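Put the two chains together into one complex, using the hints given.
Residue numbers (this note's numbering), protein chains in the order written: chain W, 1 to 259; chain D, 1001 to 1361.
Honestly, the hints are just simulated from the structure, not real lab data. Please note that a few of the clues may not be correct.
Stated by the list, open to error - Only some residues are given here: those of chain W computed to face chain D with a beta carbon under 8 Å:
1. 53
2. 58
3. 81
4. 88
5. 91
6. 95
7. 97
8. 98
9. 109
10. 115
11. 143
12. 146
13. 162
14. 166
To be verified - Examples of chain D residues lying across from chain W (beta carbon under 8 Å, computed):
15. 1171
16. 1241
17. 1244
18. 1250
19. 1251
20. 1255
21. 1263
22. 1264
23. 1353
None of the values given here were measured: they were computed from a predicted structure. Using N, Cα and C, we set each Cβ at its ideal position, and we do this for glycine too.
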Amino acid sequence: MAKRIEVKDLDIYYDKFLAVQGVSMTIQPRSVTALIGPSGCGKSTFLRTLNRMHELVPNARVEGSVVMDDDDLYGANVDPVNVRRQIGMVFQRANPFPTMSIYDNVAAGLKLNNKRLKKSDMDDLVERSLKSANLWEEVKDRLHKPGSGLSGGQQQRLCIARAIAVQPEVLLMDEPCSALDPISTQAIEDLMLELKENYTIVIVTHNMQQAARVSDTTGFFNLQGVGKPGELVEIDETTRIFSTPSQKATEDYISGRFG
Amino acid sequence: MSTSLTTPQQDPDLNTPLGGVSLTAGQLPRGAAPTTLVAAGLAGLLLWFLADWDIVPCALLAAAAYVVIIYTWSRAVEGPRKATDRFVTAAVSGAFLLALLPLVSVIFTVVSRGVVRFDSEFFTYSMVGVTSEGGGIYHAMMGTLIITGLATLISVPIGMLTAIYLVEYGRGKLAKAITFFVDVMTGIPSIVAGLFAYALFVMMFGPGVRMGMAGAVALSVLMIPTVVRSTEEMLKLVPNELREASYALAVPKWRTILKVVLPTALAGIATGVTLAIARVIGETAPLLVTAGLTDGDNFDPFDGRMTTLSVFSYYEYQSPGLFAEASFDRAWGAALVLIIIVMVLNLVARAISKLFAPKTR
Ligand SMILES: Nc1ncnc2c1ncn2[C@@H]1O[C@H](COP(=O)(O)OP(=O)(O)O)[C@@H](O)[C@H]1O
Ligand SMILES: [Mg+2]
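Next comes chain D alone, as it looks inside the complex (with noise of 0.2 Å):
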């Protein structure tokens, strides 16, 4: 309490000269935001439990409740800038539990729902001749390892070229063209993808195709442009000196691109390539016109029908048949698979950064 020298309506910071402003300022006991929270929140467990209120008028009577408490308090305390430091930072990290609860309700749902089906028959086997209870979604993980590598492999080749032309070549008007093309095809929804690798199968091969390899491609669409604009990015971040430094060593430009901008790069196009998988593994609408769904195991895709495991998360689903427990039970388990491959994903992508990344020591 020792900002003596200003009014208390008055920010002392603003409105002081400098050489005026005592070097010590009021202070809340320590530990007072986090005491102040406790107790907001145990008022609202007692109006949830007490008073049977609805959790979330609860949840967020509690949290304006500390708002304001520590606000005031601190005002009067700290002053004006500290408390409104103090209030920023509570809306801040209530926004973050905001963003969070969705994440965190799904998760629970589908691991809860999910983990019911854990068991071996579920990873080894298909649903052939399966009517009623068991089953197992092995052709479709298979189906969906199947098509999405092989997405992978069409897409990231294809991808990085586009990137290495249009960040160490593209000039005028051929690289704004791509670039604006990629931009566009950034935007496609996921169904039409799906309806273009259907119409161009359908072709090469007759009208009612189906095959892993339409899927495929229907994903390449999908997977091209994020890989485009994720090595992009990557190759603009390699300082030009490093360029520079090769070709003042007489490296022609191609073996510049190919052993020193590539290799500066990798981490991050390595992450970039990792996350777009992990963002077309979970597509639905495209391999359900393309791939379709099958019950028994197909790991051909030039032939015939591959289930994947959103198709058929979604199938078991949207028509259960007799023993819908079973069938519900069967898509929460598929569903399950998929997160734990995104986020295993997502894991191999921090490691791959980890792996590559420039290192000082």
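Excised from the complex, chain W in its bound form (with noise of 0.2 Å):
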């Protein structure tokens, strides 16, 4: 598990739009990659490119190469259905399905591609991924209700038991926090620490306490001006980003001089 991705030289675009352009970085595996940044100038496009979500977009592409461990995930014969079994995805607003109770919502990953397992091996499989998910002591007596009735930071931790439970090796989240109440926050950033013992996690944020408290290494995404491409200013460690950058731009962000 966990494994290292490597990004060059990659431009994305919207149609002919180009959203995002020139992003190279290495996200190393076990470990916190956060991503900062003013709106729109193309995180969670740059964050969707990584298990090939963007492409849903009608007429979106990419130009450059994103390589996890050697496979390049924009190759020929690769199919994307099996880059996100590999990369899963934790979105900003928490999406757990209506129609599922809470064991279904964990288990869906598994029962919505028709892999069967015994009852008690699926049954683990939820219990584990809850307790991965800090999620397990709250809703371990209603398993079985609808999972939308919880609280939004326990559908978010219930999206994050959902995402883990099919074992990926990369873990991407879109300003996973953004929606939800600073204990809600508190939990999820706890449970960050605890994943990266195991996962590669990026995750992007626009709160820069957060990406200062959760993250080993820290990237600084801008746009020259409305129309113009995001392009990745700096990646660094995260405490050099946050005392000593290197850009006069990532210091005039960080300091909340704009943005």
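This is the structure we're talking about:
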């Protein structure tokens, strides 16, 4: 588990619109990489290219390469479904399946793919995933109640449990806490620190304290102006970014002078 | 009466600096509106009984009197904003009552005339050999159920698959063309659908053909666009986030549609289908030319004429024969049965949407 991702000269398009230009970075395994930057600079867009969710938008495409441990994710015979099997994702808005119970939501990755497990194995998997997502204690007595009856923070942790139940190598999180209260946020941050023992985590966040608290590496995205493509300004160890960034733009952003 | 800062003609909401408006305002006594309404109603009734006017002008006069009184009174006591509110409330409720009137009248007429024949013979016998009183609609009820059932069996798969294509896959010219033709189909007059089905079956079975299946095909032509439309709307309501959540779990697209999108939209789709059935079950013209009419039981949709409730009702009324009263009673009875079926379908639709709706508790 946990793989390294090398991104090289990645240009990301929506049809003819170049949204993100020339991104190169290395994402280290068993660590948390945070992506920060002003709204609209392409953080979500970039994140979604890492598990080939980007191409679900009609006419969206990328140029460049994303290599996970030697496999080019955009290689000729690569099936995007298999890529997503290894790279899971948690979204900004918690999106549990409304027709499913808490249990079925966690088991969704297997059940929707018609992977059959013995009942006891499935129970184990659900329990383990919910425990890793720090949700088990809160829901163990209502596993067969609908997932949409949970609070926002619980729903988001349910989505994390759902994502890690299929045991991906990498976990992408797009502003997972932006709709949550401080206590739920705390719970999810603690969770990320635990999860990085086993997973490669990439998180987009608007909250710079959060980036500073949970990440080992931080990348700063910016864009030159409206209609211009977003780009990766710099990426470095989190402590360095937040103390002595090498770029003026990063320093301005971090000290709150713009964005 | 304490909005004393303004002259009476002005709307205090618009012309007073907000800081100066007092928080209390005049109010009509509790029950002012119902009392006025009852008073106006009584006055109308008096005119009706004593002055021997027609009921329609009496009702209109009572309504107008209520509106005028409540508006002037409220304007004097409560000010123009609340007066306008009361006026609009009265107008909206009046419009609602007007819209309700024909419905109530239809139901009242059909029920009062239809129950005459609600006896066991009516529901268990056909019309074979009946020339005077008596006779039943068993054959027509079965015909309606068989033909509508077949139409549903044809329309639901075609309609749902079309909607799935349009929402989940369709891009470009083909999708646009399908949407256009579905729109056109929605507006097809039902007799045209009947003639189309008839022509089709004449090509296959020769002229003069009459069979239940042809009726089912004609109804499908009317039903498919409704099913497409309602399913499409329901599928569009499924948040894209759910699809993305499923894709992110490495679920292929077809499985995502089958196991995430459709179950989420199922309640709405089922309701839409039930209402589409209710919409075509009362069709007469297309069935007249395709399935025709017979006096006896025929439950084989591929062989010979089949009677449906609406066609039966039409014929009993249109050519009553010597015992006209008995024919009319049968016609109203069949109409009432049809209305009851439609009502049951509507209730079923509600139950279905309750049953399948995503739950939160
Ligand atoms: N589905 C889409 N179709 C076209 N353009 C898009 C789409 N999603 C995002 N964009 C554009 O891509 C750019 C980057 O957006 P996004 O990745 O959402 O930024 P961020 O997540 O950093 O706020 C923006 O200019 C946005 O308008
Ligand atoms: Mg974003």
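Checked hints:
1. At its closest, the beta carbon of residue 53 (chain W) sits 6 Å from a beta carbon of chain D; the interface hint therefore holds under the 8 Å criterion.
2. Hint status for residue 58 (chain W): holds, given a least beta-carbon distance of 6 Å to chain D, under 8 Å.
3. With a least beta-carbon distance of about 5 Å to chain D, the hint placing residue 81 (chain W) at the interface is held under the 8 Å criterion.
4. The interface hint given for residue 88 (chain W) is met, as the beta carbon of that residue sits about 6 Å from the closest beta carbon of chain D, less than 8 Å.
5. About 6 Å separates the beta-carbon of residue 91 (chain W) from the nearest beta-carbon of chain D, less than 8 Å, and the hint is met.
6. For residue 95 (chain W), the interface hint holds, since its Cβ comes within 8 Å of a Cβ in chain D; the closest pair sits about 4 Å apart.
7. Interface restraint check for residue 97 (chain W): the shortest CB-CB distance to chain D comes to about 6 Å, inside 8 Å, so the restraint holds.
8. Here the hint on residue 98 (chain W) is kept, as its CB sits about 4 Å from the closest CB of chain D, short of 8 Å.
9. A distance limit of 8 Å between C-beta atoms decides the matter here; for residue 109 (chain W) the minimum to chain D is near 4 Å, and the interface restraint holds.
10. Checking residue 115 (chain W) against chain D: minimum C-beta separation of about 11 Å lies over 8 Å; hint violated.
11. Hint on residue 143 (chain W) is violated. Least Cβ distance to chain D is approximately 14 Å, over the 8 Å limit.
12. About 5 Å separates the beta-carbon of residue 146 (chain W) from the nearest beta-carbon of chain D, less than 8 Å, and the hint is met.
13. With a least beta-carbon distance of about 7 Å to chain D, the hint placing residue 162 (chain W) at the interface is held under the 8 Å criterion.
14. Among the interface hints, the one on residue 166 (chain W) holds; its C-beta lies about 6 Å from the nearest C-beta in chain D, closer than the 8 Å criterion.
15. Interface restraint check: residue 1171 (chain D) against chain W, minimum CB-CB distance 6 Å, threshold 8 Å, status holds.
16. Hint status for residue 1241 (chain D) relative to chain W: holds, with the closest Cβ pair at about 4 Å, below 8 Å.
17. Proximity of residue 1244 (chain D) to chain W holds as hinted, the smallest CB-CB distance being about 7 Å (cut-off 8 Å).
18. The interface hint given for residue 1250 (chain D) is met, as the beta carbon of that residue sits about 4 Å from the closest beta carbon of chain W, less than 8 Å.
19. Taken as an interface hint, residue 1251 (chain D) checks out: its beta carbon lies about 4 Å from the nearest beta carbon of chain W, inside 8 Å.
20. The restraint placing residue 1255 (chain D) at the interface with chain W holds, with a minimum CB-CB distance near 6 Å, inside the 8 Å limit.
21. For the restraint placing residue 1263 (chain D) at the interface with chain W, the shortest Cβ-Cβ distance is roughly 4 Å, inside the 8 Å limit, so the hint holds.
22. A least Cβ separation of about 5 Å between residue 1264 (chain D) and chain W falls short of the 8 Å threshold, and the interface hint therefore holds.
23. Because the closest C-beta pair between residue 1353 (chain D) and chain W is about 13 Å apart, greater than 8 Å, the hint is violated.
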